[in-house]
Structure formats: C-alpha cells, structure tokens
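In the order they appear, the protein sequences are chains Z and U.
Each residue of the first sequence is one higher than the last, beginning at 1 in our numbering.
Each residue of the second sequence is one higher than the last, beginning at 315 in our numbering.
Quick caveat, the hints were computed from the structure, so don't treat them as lab data.
Note that the coordinates shown come from a computational prediction; the quantities given were computed from them, not determined experimentally.
Be careful, since some hints might not be right.
Said to hold, decoys possible - Some, not all, of what chain Z presents toward chain U, calculated at C-beta under 10 Å: (1) H166; (2) A255; (3) A285.
Unchecked claim - Here are the in silico distance ranges between beta carbons for each label pair: (4) Z:G298 x U:P395: 36 to 44 Å; (5) U:E627 x Z:H275: 35 to 43 Å; (6) U:E357 x Z:L230: 54 to 62 Å; (7) Z:E296 x U:A346: 51 to 59 Å; (8) U:L345 x Z:R123: 46 to 54 Å; (9) U:P395 x Z:T279: 15 to 23 Å; (10) U:P395 x Z:D100: 56 to 64 Å; (11) U:S513 x Z:E296: 51 to 59 Å; (12) U:S513 x Z:D144: 43 to 51 Å; (13) Z:E296 x U:E336: 48 to 56 Å.
Idealized CB from N, CA, C, for every residue including glycine.
2 protein chains.
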Amino acid sequence: MESYVAGIDVGGTKMLAVALTEQNVVRSEHLAPRPVGPEATVEQLVELLAAMAQELDARIDALGVGIAGAITRAGAVQFSPNIPELVAFPLRDLLRGRLDIPVVVDNDATAATWAEHGSGAGRGVDDLLYVALGTGIGTGFVLDGSLYRGAHGFAGESGHIVVDRHGVTHISGVRGPWEMYASGNGLGALARSRAMAGSFPAGVELAGDAAEVRGEHVTRAVHEGDADALELLDEFASHVAVGLTNLVYVLDPAAIVLGGGLVDIGDPLRASVQHAVDTTLLGGAYRPQVEVRLAELGARSAAIGAAMLARDER
Amino acid sequence: MESYVAGIDVGGTKMLAVALTEQNVVRSEHLAPRPVGPEATVEQLVELLAAMAQELDARIDALGVGIAGAITRAGAVQFSPNIPELVAFPLRDLLRGRLDIPVVVDNDATAATWAEHGSGAGRGVDDLLYVALGTGIGTGFVLDGSLYRGAHGFAGESGHIVVDRHGVTHISGVRGPWEMYASGNGLGALARSRAMAGSFPAGVELAGDAAEVRGEHVTRAVHEGDADALELLDEFASHVAVGLTNLVYVLDPAAIVLGGGLVDIGDPLRASVQHAVDTTLLGGAYRPQVEVRLAELGARSAAIGAAMLARDER
Numbered sequence: 001m002e003s004y005v006a007g008i009d010v011g012g013t014k015m016l017a018v019a020l021t022e023q024n025v026v027r028s029e030h031l032a033p034r035p036v037g038p039e040a041t042v043e044q045l046v047e048l049l050a051a052m053a054q055e056l057d058a059r060i061d062a063l064g065v066g067i068a069g070a071i072t073r074a075g076a077v078q079f080s081p082n083i084p085e086l087v088a089f090p091l092r093d094l095l096r097g098r099l100d101i102p103v104v105v106d107n108d109a110t111a112a113t114w115a116e117h118g119s120g121a122g123r124g125v126d127d128l129l130y131v132a133l134g135t136g137i138g139t140g141f142v143l144d145g146s147l148y149r150g151a152h153g154f155a156g157e158s159g160h161i162v163v164d165r166h167g168v169t170h171i172s173g174v175r176g177p178w179e180m181y182a183s184g185n186g187l188g189a190l191a192r193s194r195a196m197a198g199s200f201p202a203g204v205e206l207a208g209d210a211a212e213v214r215g216e217h218v219t220r221a222v223h224e225g226d227a228d229a230l231e232l233l234d235e236f237a238s239h240v241a242v243g244l245t246n247l248v249y250v251l252d253p254a255a256i257v258l259g260g261g262l263v264d265i266g267d268p269l270r271a272s273v274q275h276a277v278d279t280t281l282l283g284g285a286y287r288p289q290v291e292v293r294l295a296e297l298g299a300r301s302a303a304i305g306a307a308m309l310a311r312d313e314r
Numbered sequence: 315m316e317s318y319v320a321g322i323d324v325g326g327t328k329m330l331a332v333a334l335t336e337q338n339v340v341r342s343e344h345l346a347p348r349p350v351g352p353e354a355t356v357e358q359l360v361e362l363l364a365a366m367a368q369e370l371d372a373r374i375d376a377l378g379v380g381i382a383g384a385i386t387r388a389g390a391v392q393f394s395p396n397i398p399e400l401v402a403f404p405l406r407d408l409l410r411g412r413l414d415i416p417v418v419v420d421n422d423a424t425a426a427t428w429a430e431h432g433s434g435a436g437r438g439v440d441d442l443l444y445v446a447l448g449t450g451i452g453t454g455f456v457l458d459g460s461l462y463r464g465a466h467g468f469a470g471e472s473g474h475i476v477v478d479r480h481g482v483t484h485i486s487g488v489r490g491p492w493e494m495y496a497s498g499n500g501l502g503a504l505a506r507s508r509a510m511a512g513s514f515p516a517g518v519e520l521a522g523d524a525a526e527v528r529g530e531h532v533t534r535a536v537h538e539g540d541a542d543a544l545e546l547l548d549e550f551a552s553h554v555a556v557g558l559t560n561l562v563y564v565l566d567p568a569a570i571v572l573g574g575g576l577v578d579i580g581d582p583l584r585a586s587v588q589h590a591v592d593t594t595l596l597g598g599a600y601r602p603q604v605e606v607r608l609a610e611l612g613a614r615s616a617a618i619g620a621a622m623l624a625r626d627e628r
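Pulled out of the complex, with its shape left as it was, chain Z reads as follows (with noise of 0.2 Å):
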C-alpha cells in the first residue's frame, strides 16, 4: 500500500487539503470552509485527514499545518491577524493527541517557501528569499540550505518593516510599513488612486466605478495590454522593490521568488520587479544580479511545504 504526506493551508475563511506522494506529487485535493473556533478547527483538520486517507485508501503518514501569523517553534498559534481567535494556541499538540502520526504545524509563508525550494522555483537555492505578495505580505527565507525560522519561530515578519517612517499609518498601527504598498491591498489603492485621478480608465470600466477598482482589475488590464495599467505596475513594482532591496542588504539571496495571489499578474510582474530591483539595488556594479522568479506552486504552495515539512519529521 502506498503511504502519503499530508498538508493543509488554514486561512481565514478556507482550508485547503493536499495529500503528497513520495515524489510530492498531489494525489488528493480537498477545499473546506474554515468554521469559527479553535475546537472546530482542529476538528476540521482531523476530518480533511481522513477524507484523504479514505479516498486514497491508503495510510497517510504525517500531517502538516500552514498558518498566516506568529507560530511558535512547538508550533503553537501565538497569534493569528487572519483567525484572531487562536491565540497562544497549542494546535500542533491537540493535533498530536488525536492523531497517531507526526504532526508540524508551521506559518504558512514558511511551508510556502519549503515548497518553492523543494519542487517549485527555488529548487537549488541555498540562499532564497521567498515573498507572498497577497492581501498583506509574508515572508520565507532560507539560509545556507536550511528553513530559518528565527529565535521564537517568528522570523519573516517583513511586510511589518517600516520602509517611510513618516507615511501614512496602516491598520496595524504603525507608519509606512513596507505591505502597506507592496501588497495586493497596496495595488488596489494604488489602482483607485490612479482611477479617480482619470489616469486608470480601462481599471474604470473594468470595475464599473473609479472607487470600486480593485487588484484584479489592473491584473486584467494588463493582460489586457493597457498602457496605463503596465506604468501603474510599474510603480507598484517600486513599492515591492524598496522592501526587497531592504532585505537583499539584510540577508544576501541567490534568489527571490515572488508567491501570492499577486502572481496571476504573470511576466508584467516579475519583468517590473527584476527591473526596479535591479536599478534600486546600491553597489549592482559590483553583486551579482540577483533574479527574481515567479513561483510555480500556486495557491497551494503552503499545502504542499505543509506536507513536506511533516515528511521531514517522520
């Protein structure tokens, strides 16, 4: 009988289920509302693991969780922006005590990243910053080979790093934080902006109203080949820019491999960043380029690291 590996993405409204092969093929997909509280939660997860295993009829070996927020490195939900019920929240070891198999429980971005190293567009990286561009940003990093997950487990916090300390304050409280403007909610102000000062048209007509234009809207105006859409990617591409360069200083990559639902945007996208990175980046004459990739995992990358990081752990 072949054994699998598990995965699930908890979001804030939705779970994603992936369970993996041997060689990380996905065998069974399962999509489920996520229902409010921390019992029904874990009761979820317990369910999507056995609908898998029943479908496959086959053993499933292990189980990792992917979740946006702070998780600590016994994976505990120390705090969740998404599912702000879960707080200091043991879930790895409830999960244990119902399951008779490894369990890892781990933030989202950084099962992301695994997954892009281990079978996406980071294979072969050693030194790979990888960035979720969707409604805020999260971040994964690994180093000299390994997933760095930081003192507590909360390493990668970056879209919280202050890139125009006397700009506007996001929700968070803070001012000018970096995924204030370089994420999916960032180009959706963005895109507004240009819209109500007449400089976005197609985004008018595409959202029927200059306050109604959304993210969406410039992705498919872009692959529309709208002029006005390309320059607002243009300056989006600086704002995601400032914060890559900021951690390119930092950490030194190989790599940067951009995820997120901002990745529909496709080439535009990434040609943009390359370019703003690349003439932004201080001393390029004399660092080697580093390249910007898109990632190949999709939406279900954080699934599918979920999955590989619980192999590891067998």
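With chain Z fixed as given, assemble chain U onto it according to the hints.
This is chain U only, laid out in the frame that chain Z set:
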C-alpha cells in the same frame, strides 16, 4: 612552545592586530597606520604578523583579517567604502601565497559578531543580531548557532536599508537609509541641529561652537548627566530602533548586541534603545522581549573575531 592565532582589523587609516591564546586571551597587540595601496597593505599585514610572532617568540598558526565592505566568500575585497583602492582584490589568496598558514578574510562586522558571540556579550545566544554603531552602521548575524554570510558573502549590509523613502538623500545616493540617522554621523547631525536651535547648550559649551558639535560631545554631556543630552539620546534611540525593529521582524533574534564607537555612551544608550525597541515593536504583548546589550570587547572585537574565525580554519 605555545601557539597563537592572529587577527587584524584593517580600517581606513589604521590597522589593529592581536594575537590570541587558545583561551581567546589577547597576548600581543599592535596598532599601525594603514599605508595607501593594495601591495603596501598586504606588506603591512605580513609585517604585523611577523612582529607579533617575534614579540611572543612563538608560532602563529593562522591569520584572520576583518575589513569593512563587501567581502566575497572567497575572501576577496569586492568593494570597501573605507579603502576605495581595493576593488575585486583577492586579499585572502595573496596572503595565502605569502604565508605558510591558513588565512581568512571577512567583513569586520561579521568578525566582530563572531567575537561577541564566542566570548563577549552574545555568549550562548544562537540567534544573535550584532549592530556596530560607528561612523556608519555595520551588522552581523549568528543564526541557528552559525555565522550567516549570505549567498555571496554580502549579508548584513543593513546600514543601507531604507526607513524613510521620502527622506533626505544620503551620500550613497539613496533616500532615507537607516545609517543616515542611526550612526555616529547621524548622532552628530542630530546634535548639531539641536545645538543650532538652542536646545543643547551643554554641547555648544563643550564644542566651542554649535556648528562644531559632534557625537563625542553628546557622550560627554550624557556622562555629565545633562538633561538636554539625555533627551537628544532618546530621539537618537528612536532612529536606532526603527532599523532594529525592522531587523527583528525579519530575523527574530533572541538578543541584540550594540557595538561600535557609540558604545562609549554606555548604559544610557542601551537603556534608551531597549525602551525604544520595546515600545516600537508590533505585537510586543505576544512575543518575548528582545534584550539589548552592550558589546563587551570594545574596539578590538573585529580583530579578535577575525582571529577566532582563522582558528576555525586551521
């Protein structure tokens, strides 16, 4: 016959050489001017080593060299802001050709980090952030117990990170990098601006003229308990903290060691920076305090660390 390892810190104008026992005790120490030119610099390094061996009447087993700037993993000086004539200069290989012992060449802040980790304020801290506040800012990291150098050897150039992207343009050409505000130069500029505004009379008295006020006058005024200087120090600490908290979000260190010339200010600097970090860091309620400490090895830290790194290469 006892054996020793040597470390030499190569600065813009001076070279500081030490020889260490196996217990990291400094047994010989030489200070020499740095001659102009790559060949003369190599010659001076060889002579300092010979002088220490002669003084100790002992064999020196390995040599480590620390230099500010981008040092490749092969020990070449790619670029050094303090020694502009060294570009893509294969210093390690040249020294290996001259000497019959192992030689390592590394970034000075990286070497100082290793020294403070091994026998200074960072003893036993597996995830350590070292920040040298000198003319500029240099940083080094111990991550998961090992020194982290990055893909090319350029990690830790954190002085360049942009914290105020609409701020004043730095000499590097970048707007609002951290080291413009949080270095010795930044402290001097802040003190002069306060002196000229009439809010730092003690500094004017010490310097003779408001336009002549420098960081050292702040240090003296702080030591004399001047209230204006302490207030100025709190503002300076907020500039230090914005970069430190950015690094904490990225790296999640267990402790921060402050080194460099500004450590002469002493505990008031440490206390003020600790307070600023504690109050600036998001999510302080759910994460352990990141302890801020003062470096213990003083101006010799880079030389001592270079020697320790060389010992590991024997």
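Now the hints, each set against the structure:
Below 10 Å, beta-carbon pairs count as interface contacts, and H166 of chain Z has one with chain U at about 6 Å; its hint therefore holds. Interface restraint check for A255 of chain Z: the shortest CB-CB distance to chain U comes to about 8 Å, inside 10 Å, so the restraint holds. Hint status for A285 of chain Z: holds, given a least beta-carbon distance of 9 Å to chain U, under 10 Å. In this structure the supplied range 36 to 44 Å holds for G298 of chain Z paired with P395 of chain U, their Cβ-Cβ distance being about 42 Å.
About 40 Å separates the C-beta atoms of E627 of chain U and H275 of chain Z, a value consistent with the hinted range of 35 to 43 Å. Judged by the Cβ atoms, the range 54 to 62 Å given for E357 of chain U and L230 of chain Z holds: they are separated by roughly 56 Å. Taken as a hint, the range 51 to 59 Å holds for the pair E296 of chain Z and A346 of chain U, whose Cβ atoms sit roughly 54 Å apart. The given range of 46 to 54 Å is respected by L345 of chain U and R123 of chain Z, whose C-beta atoms sit roughly 49 Å from each other.
At about 21 Å, the beta-carbon gap between P395 of chain U and T279 of chain Z stays in the expected band of 15 to 23 Å. With their beta carbons about 58 Å apart, P395 of chain U and D100 of chain Z fall inside the hinted range of 56 to 64 Å. The supplied range of 51 to 59 Å is met by S513 of chain U and E296 of chain Z, whose beta-carbon atoms lie about 57 Å from each other. Between S513 of chain U and D144 of chain Z the beta carbons are some 48 Å apart, a value that agrees with the proposed interval 43 to 51 Å.
As the Cβ distance of E296 of chain Z to E336 of chain U is approximately 50 Å, the hint placing it in 48 to 56 Å holds.
Violated hints are absent here; each numbered hint is respected by the structure.
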